[in-house]
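*Asks:* Sequence:
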Amino acid sequence: MPAIQKSGWNLMTQIRQEVKLRDGKVIVRGQIGMRKTVKSADIVLYHKPNLPLAVIEAKANKHEIGKGMQQGLDYARLLEVPFVFASNGDGFIFHDKTNPSQLETEIQLSDFPTPEQLWQKYCAYRGYTAAQLPLITQDYHDDGSGKTPRYYQLQAINKTIEAVSLGKNRMLLVMATGTGKTYTAFQIIWRLWKARQKKRILFLADRNILVDQTRINDFEPFGSAMTKVTGRTVDPAFEIHLALYQALTGPEEDQKAYKNVGKDFFDLIIIDECHRGSASEDSAWREILEYFSSATQIGLTATPKETKEVSNTDYFGDPIYTYSLKEGIEDGFLA
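Numbering of the sequence shown is given in numbering that gives the first Met the number 0, commencing with residue 0 and proceeding in unit increments.
Some hints could be false.
Listed below are the simulated DSS-like cross-link pairs for lysine-lysine, each with C-alpha atoms no more than 27 Å apart in a straight line [unchecked claim]:
hint, residue 1, residue 2
1, K146, K198
2, K24, K61
3, K96, K120
4, K66, K24
5, K146, K66
6, K5, K167
7, K5, K35
8, K38, K167
9, K158, K19
10, K24, K38
11, K158, K198
12, K61, K120
13, K198, K262
14, K262, K47
15, K66, K38
What follows is a set of in silico ranges between Cβ atoms, one per label pair, in the way DEER data are often shown [stated by the list, open to error]:
hint, residue 1, residue 2, range
16, A123, D253, 51 to 57 Å
17, D253, G316, 32 to 38 Å
18, K61, E219, 48 to 54 Å
19, E219, T136, 38 to 44 Å
20, K35, D142, 26 to 32 Å
It should be emphasised that the hints constitute simulated quantities derived from the structure, not laboratory data. Cβ atoms here follow ideal geometry from the backbone N, Cα and C, with glycine treated the same way.
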């Protein structure tokens with residue numbers, strides 16, 4: 000740790016210790032449920048909170064210097080970071096995916112890279128342009144409780160933000176039920192909204208309870224900027240609109256409330272559980288999405304629908320991130 004801090008890494012915002020990545024799979028034997036060991040990285044280095052750059056695995060001095068490397072590489076794969084360091088206190092083995100001609104080098108404690116050096120290498124590796132950076136580095140919402148996104152939520156959020164920064168405007172996220180889709184959606188919206196990249200946002204769901212729960216739970220930090228669409232009116236005084244698609248449209252022309260605002264009214268539309276309808280050509284969802292076709296549209300689903308008649312990927316394209324039921328069970332987040 001002293002070597003890392005000496006290189007300028009901030010203990011409060013850039014260094015996290017014992018970062019839990021997996022909960023440990025639940026094994027049920029008869030009536031008893033047992034959990035396999037929790038998987039935690041010794042240290043994760045961040046450019047800023049929730050933008051991970053590197054994994055460090057530290058072992059006791061009696062081990063050789065590179066002892067923790069394999070474990071570190073496993074964690075780096077989950078976090079999709081290109082840098083791994085293994086140490087026994089005498090020095091570091093530095094595994095650098097951005098330098099294929101020399102993947103691993105041994106470095107002295109005093110030569111640990113600075114935050115700026117790793118960030119510059121990371122940006123070059125990801126191909127970020129200066130124009131993308133304000134959005135890529137936009138802060139997450141932090142409620143002060145210490146709650147942080149799980150590794151796969153982080154992936155889903157950061158991949159979506161990156162895709163938007165590249166100008167992509169149709170996206171699909173596949174996440175198993177119970178893995179925190181709405182919290183993930185909230186953080187995506189929060190960052191786009193705070194960066195002022197997307198000013199007017201519509202969150203569409205097909206069940207009232209989903210809209211109400213979302214408003215009082217995950218979306219609560221939006222506060223007075225948020226409203227639920229009722230009485231078939233879209234109120235331009237608000238920026239974050241939560242709606243049942245039934246509140247915006249219906250078989251009769253006078254029920255098509257979405258037509259009361261201009262086609263470019265919304266900059267971003269998030270469609271929750273989009274497998275339940277938006278993909279079918281004649282569905283109410285599709286009608287709303289096509290009207291606001293200039294908006295960036297992100298579909299969330301647990302199970303993408305792929306039949307001859309109905310296809311999510313036709314509309315949204317291939318998923319930019321998938322976290323399956325199997326992965327959720329393996330990781331111990333689902334039982």
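*Asks:* Sort out which numbered hints this structure fails and list those numbers smallest first.
*Replies:* Violated hints (numbers, rising): 2, 5, 6, 7, 8, 12, 14, 19; every other hint is consistent with the structure.
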